[in-house]
Amino acid sequence: MAALSAWWRKHDRAIAPYLFVAPFLVLFFVFSIYPVLYSLYLSFFKATGLSSWQFIGLENYADLLSDRRFIKSVTNTSYYAAASVFLLSPLALLVAVGFNAGITRQLRGLYRVAYFVPVITSAVVIAMMFRMIFDEQYGLLNAMLGNVGIEPIPWLRSKSWAMPAIVVLGIWTYLGVNALYFLAGLQNIPHELTEAAAIDGANGWQTFFYITMPILRPVIMFVVVQAIIGSYNLFAQPLLLTNGGPQDATLFMTIYLYQVGFQQFKLGYASAIGYTLVLIVFTLSLINLLFFGAFRSSEE
Amino acid sequence: MSRGKTGHWVSTILVNGLLLIGVYLLAMPYIFMIASTFKPNSELFAFPVRILPDALYLENYRYLFAEYPFWGWYWNTAFTTVIRTVLAMFFSALAGYALAKYEFRLKRAIFLLIIISLMLPFQVLLTPLFIQMATFQWLDTYWAVIVPFAISPFFIFLMRQYMLGVPTELMDAARIDGCTEFGIFWRVVAPIMQPAFAVVGILAFTGAWTDYLWPLIVLQSTENFVLNIGIASMFGPYRVPYGSILAGSFLATLPVVVFFLIMQRQFIAGLTAGALKG
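Chains Y and P are the protein sequences, given in the same order. In terms of my numbering, the first sequence opens at residue 59 and continues consecutively. In terms of my numbering, the second sequence opens at residue 9 and continues consecutively.
FYI, nobody ran anything at the bench for these hints, they're computed from the structure. In this text the structure is predicted, and so the values were computed from the model without any measurement. Virtual Cβ for every residue (Gly too), placed ideally from N, Cα, C. One should not assume that every hint holds.
[To be verified] Each computed DSSO-like pair below joins lysine-lysine, with the alpha-carbon atoms no more than 30 Å apart:
| hint | chain 1 | residue 1 | chain 2 | residue 2 |
| --- | --- | --- | --- | --- |
| 1 | Y | LYS130 | Y | LYS104 |
| 2 | Y | LYS217 | Y | LYS68 |
| 3 | Y | LYS68 | P | LYS13 |
| 4 | Y | LYS324 | Y | LYS217 |
| 5 | Y | LYS324 | P | LYS109 |
| 6 | Y | LYS130 | Y | LYS217 |
[Unchecked claim] Stretches of chain Y that chain P covers, calculated by requiring three or more beta carbons in the stretch to come under 8 Å of a beta carbon on chain P:
| hint | stretch |
| --- | --- |
| 7 | 159-173 |
| 8 | 213-225 |
| 9 | 249-255 |
| 10 | 258-272 |
| 11 | 280-291 |
| 12 | 334-342 |
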């Protein structure tokens, strides 16, 4: 016993880091690495339920290419992702500039609470609130729009309005947190830089485009990557608001994966959808990194 | 000079006005939800739309507590959320500490693994993890909700970044005093790490409390549901008790919002931590 404790004393420092990372490594291998690889394996099978499996090679992937519902889900999700990147993110930057301006100092506490609360509200609760708000006849939104003379819009029942409704919901939910990401970045910019630019005669816009934006680049990159990942992850809101409808108008990739895997129990096909999703997210993130990387080299 | 002053006033009013419209649009759905929990169906579906209820109608709450195991769902959510949060904080602090303050052979490989997995969409895990839960016979149990997500590469990343800033001399001093390595972590490092614990704790707590897709897949019987699954399940095929659904939604949101109002700064630091360190 004494020998053991002496041995431990001697080797504690060498062994300790392995013990410290062990819980993480064990859980990570069992519940992430192994499933990721297993999912790839599974995607080569025609697997319905947990018993009848048949190896079919790349057939699932080939089927995906001619699966009209799958293509529709990719288009819908990408539409939403585009809105997140090109509509939500710039809007969030504008809001952040507003937060950061000296003239909003008195109300900043209020803004912080109001813009942040949607991010910590569960997607299920948000979907429940917005079912009422988007209601064509009894909904708050149409009532508000009615005040300015706009005819009632069949938000969730119409093929052409359902996606815009989800986009509105997305902006409502994620505007605040993205604004706070940008605000954190803006507050990191030394005042001397913007002041120096002002002394050199730059106007507000010039300072913004030539000083603020380049410094903000890593934060912009982060926000855009988050927007892409978040969009391809979107699930609860469209599921509970429209169940992917009407006529698949809001069928998101994750909803389709859920329907195929957990309602039809085609686990192999669902895995192939999952892998396609990974491929899309990785490709888009990489394009984003390259874009901002290229941005850097052209300017230096 | 006076023109500058007028310009200043105009922009103050304009910018604050726009941001206040934003506040109004963000707050309205919550006000509408809370007000609607006190409305009978005749008022919920009335035209023209009125925001405030005519009287405090409490039947929606009574129906919610009488017809659904709502407090059971609440307990399930609180229990799984607290366990997940505590495990996440403890394991990610340990691993983050090791990655920041020790030299060992697998260090670079592990860190690389963490960085890569930060971009991995969770959906790719859905089907294989479901099969795994079935094999472990964990379906419809708390184990399935808690264990697979007790750790997160992102939390380890945050912990490591924070640990890098802690002076190594503190640990060396404790080592000379005869502290064991775990003793150093527990008695010297963990107390200094409080801000990082707050960040990870808040992220883990909100993440677990608002989780929907994974519990939806692994939980099957009504009494085992967490709040999100339970509330969504109230959409029956014949009758939709809207008032009660909104009452449940309101009560489910309350703890996170109260927690946020108490710890605003830490919350915002937590959720924006990735933007500056990533």
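Each hint, compared with the structure:
1. The hinted pair formed by LYS130(Y) and LYS104(Y) meets the criterion: a straight-line CA distance of about 22 Å does not exceed 30 Å.
2. Restraint check for LYS217(Y) and LYS68(Y): not satisfied, since their Cα atoms lie roughly 70 Å apart, outside the 30 Å limit.
3. Pair hint LYS68(Y) plus LYS13(P) does not hold up; C-alpha atoms about 72 Å apart against a cutoff of 30 Å.
4. Our distance criterion of 30 Å between C-alpha atoms is met by LYS324(Y) and LYS217(Y), whose separation comes to about 28 Å.
5. With a CA separation close to 46 Å, the supplied pair LYS324(Y) and LYS109(P) exceeds the 30 Å bound.
6. Restraint check for LYS130(Y) and LYS217(Y): satisfied, since their Cα atoms lie roughly 13 Å apart, inside the 30 Å limit.
7. Evaluation of the coverage hint for the stretch 159-173 of chain Y: fulfilled, as 10 residues show C-beta separations to chain P shorter than 8 Å, against a requirement of three.
8. Coverage of the stretch 213-225 of chain Y by chain P is violated. Counting CB-CB distances below 8 Å, 0 residues qualify, and the rule asks for three or more.
9. Against chain P, the stretch 249-255 of chain Y contributes 0 residues with a C-beta closer than 8 Å to a partner C-beta. That does not satisfy the three-residue criterion, and the hint is violated.
10. With a threshold of 8 Å between beta carbons, the proposed coverage of the stretch 258-272 of chain Y by chain P is violated, since 0 of its residues qualify and at least three are required.
11. Residue count for the stretch 280-291 of chain Y with a Cβ under 8 Å from a Cβ of chain P: 7. That meets the three needed, and the coverage hint holds.
12. For the stretch 334-342 of chain Y, the stated coverage by chain P is satisfied: 4 residues place a CB nearer than 8 Å to a CB of that chain, which reaches the threshold of 3.
Taken one by one, the earlier hints fail for this structure at numbers 2, 3, 5, 8, 9, 10, listed in ascending order.
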